[in-house]
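FYI, the working numbering numbers position 186 of the sequence shown as 186, with every residue one higher than the one before it.
In short, the hints are calculated from the structure, not lab data.
Ideal placement from N, C-alpha and C gives every residue a C-beta, glycine not left out.
Take the hints with a grain of salt, since some may be wrong.
Label pairs and their calculated CB-CB ranges [claimed, not checked]:
hint, residue 1, residue 2, range
1, E236, F198, 41 to 47 Å
2, D264, L152, 14 to 20 Å
3, N150, L279, 38 to 44 Å
4, W126, F198, 34 to 40 Å
5, L137, P70, 45 to 51 Å
6, F116, F259, 35 to 41 Å
7, E145, V258, 38 to 44 Å
8, T272, G202, 38 to 44 Å
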Amino acid sequence: MSAANNVSGIFLVILAMASFTLEDMFIKRLSLDLPTGQILLILGTGSALVFALLARAKGQSLFQRAAWRPLPVLRAASEAVAAMSFASALALVDISTVAAVFQTMPLAVTLGAALFLGEQVGWRRWSAIGLGFAGVLLIIRPGLEGFDPNTLLVLIAVAAVAFRDLATRRIDASISSFVVSFQGFASLLIAGPVMLAFTPGGLAPMAPTHTAQIAGAVLFGVIGYWGIVTAMRVGEASVIAPYRYTRLLFSIIVGVLVFGDRPDLPTLLGATLIIGTGLYTFLRERALARPAPALSPDFPQD
């Protein structure tokens with residue numbers, strides 16, 4: 001691919017990361033007044049409708065047989081688990097902390113590819129994976145005074161997204177990305193009511209401000225997804241993938257300016273370790289002339 005294509009890809013990844021951060025911001029604001037299950041139900045409805053219309057405009061069937069075989073359905077289910085975990089974490093944990101832990105996702109994909117797909121991973125990348133997860137321990141600090149059990153929700157989301165990405169590699173290439181996207185968001189139509197069933201009080205009344213925030217979340221979620229998908233098609237994954245870490249920078253800025261977050265030194269050190277090991281993994285993949293771990297959308301993902 002040409003250098004111009006890679007520059008375009010880098011720009012689109014940065015645009016996508018900024019969009020996903022704004023989506024997260026709206027979800028966190030909504031969670032102050034609305035149950036997480038209700039938020040997911042509404043976001044799933046709006047986003048699934050957008051991708052259903054896009055698929056129809058392209059003449060693609062949402063119900064082609066290949067799209068509803070076990071693997072695509074399992075992929076959609078993992079999307080639902082990731083969404084429930086990630087949105088719950090956003091409601092309960094600082095947005096910058098959520099973003100920092102979530103940056104382990106490429107390391108988790110590499111780990112999963114080695115354990116379950118038989119991909120070869122040398123001692124250098126195993127060391128990077130170990131150091132990256134050591135960075136997670138610095139952030140969540142299990143067993144220490146600053147430990148917040150809610151941060152474990154982010155790790156559940158990471159595991160679910162890693163499974164989603166690995167499943168995506170094995171899905172029939174004839175299935176449109178619009179159809180796959182529709183399935184992922186449609187899974188929230190099940191996940192949302194499941195969460196509401198365990199939420200005291202059920203649905204909450206909505207004000208016009210909530211409607212505007214939901215519209216913002218859907219808009220930026222769709223822009224982010226479009227940006228990632230387009231970037232992966234115009235640029236080299238090994239070149240553009242490291243720029244996904246700009247999401248952490250955007251999340252810290254939003255956390256400080258909008259929610260008054262104050263990341264402490266261990267959190268910043270842990271985030272630095274995660275980013276450093278993730279970048280090393282990408283560079284090592286490139287040096288070995290192998291595809292870098294798949295870059296796919298973060299919740300609603302990734």
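Going through the hints against the structure:
Remark: the range hint 41 to 47 Å for E236 to F198 is upheld by a beta-carbon distance near 44 Å. At roughly 19 Å, the beta carbons of D264 and L152 sit within the given window of 14 to 20 Å. The hint said 38 to 44 Å for the Cβ distance between N150 and L279, and at roughly 28 Å that hint is violated. The hinted window of 34 to 40 Å between W126 and F198 holds, with their beta carbons roughly 39 Å apart.
Judged by the Cβ atoms, the range 45 to 51 Å given for L137 and P70 is violated: they are separated by roughly 35 Å. A hinted range of 35 to 41 Å holds for the C-beta pair F116 and F259, which are about 37 Å apart. At roughly 27 Å, the beta carbons of E145 and V258 sit outside the given window of 38 to 44 Å. Checked against the given bound of 38 to 44 Å, the beta carbons of T272 and G202, roughly 42 Å apart, stay inside it.
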